[in-house]
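Taken in order, these protein sequences are the chains called A and B. The first sequence begins at 7 in my numbering and counts up one residue at a time. The second sequence begins at 1270 in my numbering and counts up one residue at a time.
Because the hints were derived from the structure by calculation, they are not lab data. Hints should not be assumed to be uniformly reliable.
[Unchecked claim] Dumping the calculated DSS-like pairs for lysine-lysine here, alpha-carbon to alpha-carbon at most 30 angstroms:
#1 B:1742 x A:431
#2 A:210 x B:2082
#3 A:263 x B:2230
#4 A:210 x B:1572
#5 B:2230 x A:322
#6 A:263 x B:1572
#7 B:1619 x B:1419
#8 A:329 x B:1581
#9 A:54 x B:1447
#10 A:362 x B:2210
#11 A:210 x B:2230
#12 A:263 x B:1581
#13 B:1763 x A:210
#14 A:329 x B:2230
#15 A:263 x B:2261
#16 B:1581 x A:220
#17 A:435 x B:1691
[Stated by the list, open to error] Sample of chain B residues lacking proximity to chain A, with all beta carbon distances greater than 12 angstroms (derived):
#18 1703
#19 1744
#20 1790
#21 2151
#22 2249
Small disclaimer: the values here were computed from a predicted structure and weren't measured. Ideal Cβ positions, reconstructed from N, Cα and C, are used throughout, including at glycine.
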Amino acid sequence: MNKSFLAACIFAVISLNASAQSDVPAPARKQTKSVYLTHATIHTGNGKVLNNATISFDNGKIIVLDENPSFKTDETMGKVIDCTGKHIYPGIIAANTKVGLDEIEAVRATNDYSEVGNYNPDARAIIAYNTDSRVTPTVRSNGVLYAQSTPLYGTVSGTSAVVQLDAWNWEDALVKEDGVWMNWPSMQSRGGWWAESASPTTNKDYDKQVNAIKDYFRDAKSYADAGVHDKTNLRFEAMRDLFSKAKTLYVNVGRVKEMQHTIAFAEEFGLRLVISGGEESWMMADELAKKSIAVILGKTHELPGSTDADIDQPFKTPAMLQKAGVLFCLSIPGGFWQERNLPFNAGTAVAYGLTKEEALAAITSNTAKILGVDAQIGTLEKGKEASLIVSTGDVLDMKTSNIEYAFISGRQIDLNNKQKELNTKFSKKYGVN
Amino acid sequence: MHKFVFLFALWLTVFGACAQETTFKTNGPDDYREGVHVFTNATIWKNYNTRIDSATLIIRDGKVVDAGKNISLPKGAIVHDLKGKFIYPSFIDIFSDYGMPDVTKAKGSEDPQMESNIKGAYGWNQAIHTDFHADRNFAVNDGKADELRKIGFGSVLTNKKDGIARGTGAVVTLNNDKENFVLVKPDASANYSFNKGSSTQDYPSSLMGSIALVRQTYYDALWYKSATDKKEFNINLEEWNKQQSVPQIFDAGGDWQKVLRADKVGDEFGVQYIIKARGDEYQRIDEVKNSKAKLITTLNFPKAFDVEDPDKANWVSLEEMKHWELAPTNCAALAKAGVDFSLTATDLEKKEDFLSALRKAVKYGLDSTLALKSLTYNPATFINVYDKVGSLETGKLANFFVTSKPLFDDKCEINENWIQGKRYEIKPFEQKDIRGEYSLNIFVNAPAQMFKLKVSGDATSPKAQIILSDTIKLDAKLSYKDHDISLSFSPDKKTTGKIRLSGTINYIEKSWGGKGEYPDGGWVAWNATQTKGPEADTSKPKKDTVDVSKNLGKVIFPFMAYGNEQVPVQENFLIKNGTVWTSEAEGALVNSDVIIRRGKISFVGKNLSCADCKTIDATNKFVTSGIIDEHNHIAIQEGVNEGTEASSAEVRIGDVVSCDDVNIYRQLAGGVIGAQLLHGSANPIGGQSALVKFRWGYTPEKMKIEGADGFIKFALGENVKQSNWGDHSRVRYPQTRMGVEQTYYNYFTKAKEYQKQWSAYNAAKIKGVAPRRDIELDALSEILNKKRFITCHSYVQSEINMLMHVADSFNFKVNTFTHILEGYKVADKMKAHGANASTFADWWAYKYEVIDAIPYNAAILTKVGINTAVNSDDAEMARRLNQEAAKSIKYGGLTEEQAWKLCTLNPAKMLHLDNRTGSIKVGKDADIVVWNNNPLSIYAKAEKTFVDGILFFDIERDAQKRDEIRRERARLIQKMLDDKKSGGATQEPSPKGHSEYSCGGFEEHNH
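Here chain B stands alone, though its shape is the one from the complex:
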């Protein structure tokens, strides 16, 4: 912008009062007021880091004219002497729903709803609300505004918190005026979340489904923008595209993992979201920082649990206790890491707690300047409105509040909050100081009855005493406001009746006077004159005796019981003199050693030595490769099934891997080093798997096995037919095994055509418009191209046979049939096809299609020559997969070596990981377990579990950890008790864990 134009514009905004024309008519004579106010002698924070003492602020017509020292006062201004007071720019909350319509969810029918039920030219999914514009739906709500004004806010970015795409947000002030005058900026942001909100449509039902929907909508919108011959008009995609240029705000709606998930989706499309977090970012501050996202975070600190009752205290987890202690350090941690963040009051249970929570954050290490910044400069710059709000520079809105003390003083009160030049009294300025000694005369009869009165104590709420003698003092009741005063007391110790006086204060003469009534009912006149001024305040300012930011527990990884202060790292180990089950041609080697170096198995042999290794004596112990679970559903956040449609090939477990699951540790303790985390079995084409190693304490991305092939879950039979889901589930196709087959033909045919479309496009010399990218068909194309591999939940022989036919006709192989309980009936066909089998050891009778399941299945399949594994599909059984493998010795007579491979090398093969794990072979990953006994025995315990040469589970360390957990719990319980004693609010613990007894002690099978 040309400099002159800029200055002219500035001039207009500041002095162009005449520009305040409106289209609105006045009933009666116009009542325009210029509103020129001058605030003098105040300590002014002109912006978050500029404090000016004894300064002046001038405002006119709702805007700041100037703020500073030595500025000339306009004529006719209303002057406010704010000596001893403080002025701050009003706060900004950019995560508000102020003035938005309520979110109402229609009571959904129990029947599935496959399509959007919104009428109009909107998109296919009801959770995409890009048609929503906050400015068009905004209504001033003075009651709600008042809650925010009281805690210092002057403006907000508001948006309706409903849906996955939430349309735009608008910046509004909290002024109680017509909407036209408080709306500062429409379409100031585009807002998103993972939560489908009021949508009654089934899809998405899981977090990974929400992520897939966001991803697909980006692609759809790109296509929509470029496609020239499209058939559809789509309001939501039109709007989506328009909204890409404004700041993008994503409500992660959960823990730090969801913050990172949001950031990752944004990265895929070159979008850097401003992300709303929930205040636990300190638990993974490095990763949060590395996301480079700006954050909106909360001061919603948990209350202490009421842990008086030790039994109930057991219901509170270590994680909850530690979060209670450390949540107030979150802002300090963000600041220390250099993360830009703003604060919101929106998710506070009680808004009035905001300032005390803010001060708490400061006590826990947040720099007070940064605290101010996070409420003014940061939110304003995040959404590009710093030219209007966030500081008291010339031309900005006159949004500021006046306080009695510096903001971070515990006793500070907000007296007034001015918004667009309009004053909102929050708490009256304190009374003038009337402390001192007075001579009180009551004219009951001549001569007047005289009393000596002393007013002392706190200047704002002083106490009064009648001094009868040096030793006899009677308390009097004193109250005053402005010029009114009243006083009552007993004239002496014997009288119980009170003399009650009422009158006015003359502040200049320091005298009081008026009328009163004696206990006997006689009316009198009285006066009082000050004989001595107030005593000098000699009390020292009270300091917090304890520095709360000291003696805090440590952040552990993961942030729960059994977490570590430091995540374990690779070391070199020499495991000596064990019985080594290699699962290779060498078979079992007695009295042998294994050297682990830099994460790999570097030597296997006898009498090895290693200078820079830690030595582990494995005498009388067994050393094996770690167990791999082909079929597992732990460590997944918010939903393992996106079973709302027949195919959900677009969803990825990899998007929702969670590292905060204690089952990871428990399974390490069962000798399990990794697993395929699978989508559920609710639909014929499920979602994409994640292959992980159980790197306890590492983040989800670091748990994923680098360079692993892509897999996808398919499912057959009763689950995908929804046979056991009740009478309402009779809508979704397919409902029969016939329909299951056609579902596959349909989707693979579509994928083939889709590929053809793309190849034509890619081959064309002159490129037209690119076809629409469809991430569901992408995944299916990968299967056709042998780049993604199927693990198919399957039971009955007919359908196993069917899927192999489908695969053959599309020229690919079914990689693995999982569960495959009737595999023994079609073992010859599976062998011919080249499929792997991953089965339960002995499960059956939980539904009709497993009526012919037999525990001999694994043995028969093995003997026929099919690569076979046992799997868990169950967090509990997963930690005993060695025992499940051992059952094939009992049922079917496999050798120990064959049985052991069922849970190690064979699953590694079917997951295409056998080049790196699954057996003890030089060069493979050091995924190794040391057992105290033959690992196929019920009496075996894993004593040490290594993943990539990192000792993640050690039975001795485990014993220490238990002790640490007990001690840390005890410390925090005592701290919570102290907190309660000193008046802190508490919450009731609530019981957790298994509750199978309440419904009859019966486990559910959904496999």
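Here chain A stands alone, though its shape is the one from the complex:
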């Protein structure tokens, strides 16, 4: 390598960093004074709506949550924002995402979500989580303040991490490394290419693949039960917490039969199971409710799974799970930039049977419960993190959603993003706004 080339590389890195500064806003500083948001309609995330209410927080925690508060607020108390006519919600949590793990789908160099091999429980999403992604600010500015950054592919993909979306580095970002992700084998195998998929056929290796998973888990459990080892197996070390239920096993699985097999498997190994995807979960909602198995439901903005299915099935699946008493949340599986549409996926569920507050819970409090972070986030309650958004109108409807303020643990975050800047730049060019 000659010197001028090296210099060019260094220059390129420097200029990339320089541009990063401009389109990824600086993370907000720690909350230093109390904030009062007054006269708002406050949706707490657990079903309650407080009208003309005030929320206040200090040191990152909620300290006041009051409908028609008896006290008056003024500037001496801290920062006061009159939110008359506005809506306040808990910060939205996006489960099962590639946020921070992918920057441009088609550019391999920017893909950091899938490790080579079939069993990678030890691959940790948090290590690859990129706090300087230009995508994240565009997600955040629609109200999504937390994401579960999740590895993909293989049989056991890796360990996910719940992160807050305004951080200097991944240590800052981490809320919790919450669980291990697995893909249950499909009973269907599929050929063809992207323009023309071939007719699906039965996966003849299904039983073999399921048995291979069981064998793997047997070995992992035996390793965990035995305690200390002379020779360390990093993969099995990463699975120890599954058997103690300190971590969750998330399984991507969709069909009834496959889900039943997954549940039996989780029972056999005594795991805390969460089903992800769950396209046909509505067909076995009672069973899921009875066994208290939670579901991270895939997109509502999805086509039905078969020609014969009700054309609005994915729209109404949330309402069916709700009615049956299943703990579920909504997700855009494997999304990153797409996560900014998560609130509207919830809005669709409202058009097809959920109440608005139930739909909100499905992207806030339910999600927090399922990811095991509900002690800190997911609802607006005294003592919890002051992570919330203020919207001009209904946040579940794109027609009215407009996030004016967002706070993560009391820090007021910068809602600017690269796309807003480009909008400003070119609107100026044409003299339009």
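Dock chain B against the given chain A, drawing on the hints supplied.
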């Protein structure tokens, strides 16, 4: 032909045995045999509709001499008494590959193959095999012939099923003789398909590409025939031209839509194909009939699905279940419609199922005479060989088979199939009847031990019993063949050992006799004499208790869930008291009414009334024009991309529109009334679009918007450079944006020169040879002549700019930039050029070239004054285009009216349809949606969607349909269970639908 000559020729064929000379030598003394056989007392079907009872058939030297009554028998004939037997002309299969070489596909390299790799003076495309002649490649294969002889076939038209033009077929018999003597007619047909078969060349990769290749080859061949100063010698075109005079057979290779597509291509060139269908023609029998094509169809009926497990049963679609039930009615439907068809056994999984399938078709309503016709007269006349095969008239080949019962009797068996006068035993004639009572004497010691034996039951396989007393009867084991007989039984109830007897039958004396062995090992002599003849058969003939052709489900349009028994038709409607978003100068009108009459919007106003209208109360509802999707890929059959070459301007989505796509219905339910169905974005110059309205249940041709302008897809950037297709895709030009520009200059320059060539030809007073018609350059010329309009997939500002320069230099405009995610960077230039913009609302980050995409794009473009739309490019998002339009309120602050036009009037304008749709204006098409809420809200649902005044989606009717689907499924599941219980074969259901979870739950973007 002079009558005398004809008679002489006939005389020669019948009596000219001496004419059977051959060039072949015999090893040893000649062994010529005249082969004179006489078959008497048979019921003979001389042809499909002439039955002669107690008739005689005479054959000589492999041909029919005569068949009928009262004909004199030649001396020295071998006589076969066929009393009680039946003779039919052997069947003909004109869709066979019997005796053809195997089709082998070389393992293609992963690298693109742009040109044919066949050495020699052949044509440019490897899928054109007009150089293939079946007669030159035919080899007798007795094993395969035997499979067909067993089910009654005597001759076939055979051709190698490989490629788009498959060369000629030959008529051969199924006789096991030297090829020279079984070949009846070479070059009896020319054969085609849509399937490129073993060709490893990339083009064509799609159905529309195959159709374009067929079309272009016709033009090339016409030019080749007429051109006098051509440079090339082309074996394939030479042969193509020679093969045009024989019957043309087209293997549609798929559903009824492909049958119609084949027919349509033929019509363009004045060719009426005989078309091979797959047995689903009943689903659109009227259209199939109107094609006027003769068909070859199949008896390949699907097996019932094993639906015992209700979860697995969910994997079977209604469409599959209904087809299982109705497939056996296909032949009856064709017959009823008056379609001439022949039947093939070629695509049967097991050939031995053919006759039972044929009988099944008859049970489901096919007239048995027509069944025979479809296997004899029709195939023979289709390919002009009825003078040789297909009936038992004098002079024809002695191809016939002998059966034990009438052919359509379930118990009928084919005993012999005679081909060219040679006998093939299929199943021996049944045994003679030996039923009766016998006195059985066994000479173990004097006096002989006597038993009473009764032989009864079925005449062909009778049971034997030893009658010890009226109440004690012991089963005996009896078997016999010709003169041999054996019998074993226990002498009494206590003995377990058996007496085993073996001997011969004397049929004349009705007695048996021979030797036997006792359980203790002692040898004995025995005999038996009949004391009483068989009892009269008093059992009534068993009738099918259920008429299977009754209680069948209805054909629905389209043939899948949510189809209708009757396609919806126009009605008059009064939509009352809604909030009407006109998208016209009037803006939004509250408490207003719209009258739909004869497919048009006839009044808009307040307090309207209409006597002959159905009234729809739209109080608290919103009434808008229907959504139009500028960019959509649903409802396309077998491939949206012919991306194998830099330009595929010759391919037409219009050739492959499919009406059998449930997404049509789903999008109607999202308020979408029509779309531009686009070619994909794999190459700089893609294919021609189809503009359709979502007329659910109507055929593809009727979905197309009448009189719409022609459009074509162009594409720029990463897809056409093949940047994201892996390391093998580094061959096809272009690989850079520089090359993309040059591709356009190259093709448009060529098109200009091509036009010049044609104008010179057209202007010439004395016409020479016409230039070669090139359908690719035709399409490009249309662009230059402003008769075809470009929709260009585009992302990055530099290339958008580039294409406008290209267009300007050729003096046309780019009609629409689609996706156009960096349109906001060159909005001023686009405005100056006059281009439309059709964009995604908020997509980005799926590939490098969309790194600067912003959701404010639609708003900026709109504000700059460019006619802008949002599009879907996605079957799912298409049904939520109202929401995508609404995002421009959030991102960029458009008004509701501006936002709404993004998915209605604006796309209508860019598709040149705004004179007829896109807004609520008197005189426009009644393409109208009634919404339960503000249609830009996430909470809005389309409740009613009208296209041309036809109510295609109605949310209440939808609820009923769901119920109907459930009930119809339940009925068919029960029927399949019954079928399984009564021994019917089943197939395993296989799961369908999304399987994104198996690979990690991640959606692909290929936009």
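Right, here's what the structure says about each hint:
For the hint linking residue 1742 (chain B) to residue 431 (chain A), the alpha-carbon distance of about 106 angstroms lies beyond 30 angstroms, and the restraint is violated. Restraint check for residue 210 (chain A) and residue 2082 (chain B): not satisfied, since their Cα atoms lie roughly 54 angstroms apart, outside the 30 angstroms limit. Between residue 263 (chain A) and residue 2230 (chain B) the alpha-carbon distance is near 27 angstroms, which keeps this suggested pair within the 30 angstroms criterion. Of the supplied pair hints, the one linking residue 210 (chain A) and residue 1572 (chain B) holds, its CA atoms being roughly 20 angstroms apart against a limit of 30 angstroms.
Using a Cα cut-off of 30 angstroms, the hinted pair residue 2230 (chain B) and residue 322 (chain A) holds, with the two alpha carbons roughly 17 angstroms apart. A C-alpha spacing of about 24 angstroms is found between residue 263 (chain A) and residue 1572 (chain B), which places the hinted pair at or below 30 angstroms, so the restraint holds. For the given pair, residue 1619 (chain B) sits about 12 angstroms from residue 1419 (chain B) by alpha-carbon distance, which is consistent with the 30 angstroms threshold. The hinted pair formed by residue 329 (chain A) and residue 1581 (chain B) meets the criterion: a straight-line CA distance of about 25 angstroms does not exceed 30 angstroms.
Using a Cα cut-off of 30 angstroms, the hinted pair residue 54 (chain A) and residue 1447 (chain B) is violated, with the two alpha carbons roughly 91 angstroms apart. Distance hint between residue 362 (chain A) and residue 2210 (chain B) is fulfilled; the C-alpha atoms sit about 16 angstroms from each other, no more than 30 angstroms. A threshold of 30 angstroms between alpha carbons decides the hint, and for residue 210 (chain A) with residue 2230 (chain B) the separation of about 35 angstroms lies outside it, so the pair is violated. Between residue 263 (chain A) and residue 1581 (chain B) the alpha-carbon distance is near 8 angstroms, which keeps this suggested pair within the 30 angstroms criterion.
Between residue 1763 (chain B) and residue 210 (chain A) the alpha-carbon distance is near 54 angstroms, which puts this suggested pair outside the 30 angstroms criterion. The straight-line distance between the Cα atoms of residue 329 (chain A) and residue 2230 (chain B) is roughly 24 angstroms, inside the 30 angstroms bound, and the hint therefore holds. Straight-line distance between C-alpha atoms of residue 263 (chain A) and residue 2261 (chain B) comes to about 13 angstroms, which keeps the hinted pair within the 30 angstroms bound. Between residue 1581 (chain B) and residue 220 (chain A) the CA atoms are separated by roughly 23 angstroms; this keeps the pair inside 30 angstroms, and the hint holds.
Proximity of residue 435 (chain A) to residue 1691 (chain B) is assessed by CA-CA distance (about 91 angstroms); at most 30 angstroms being required, the pair is judged violated. Non-interface status of residue 1703 (chain B) relative to chain A is upheld: no Cβ of that chain comes within 12 angstroms, the nearest being about 52 angstroms off. With 12 angstroms as the threshold on Cβ separation, the claim that residue 1744 (chain B) sits away from chain A holds: the shortest Cβ distance comes to roughly 46 angstroms. Annotated as non-interface, residue 1790 (chain B) keeps its C-beta farther than 12 angstroms from every C-beta of chain A; the closest such distance is 56 angstroms.
Residue placement check: residue 2151 (chain B) does not keep its beta carbon more than 12 angstroms from all beta carbons of chain A (closest about 10 angstroms). In this structure residue 2249 (chain B) is separated from chain A by more than 12 angstroms, as the shortest Cβ-Cβ distance comes to about 18 angstroms.
Checked against the numbered hints listed earlier, the structure breaks hints 1, 2, 9, 11, 13, 17, 21; every other hint is satisfied.
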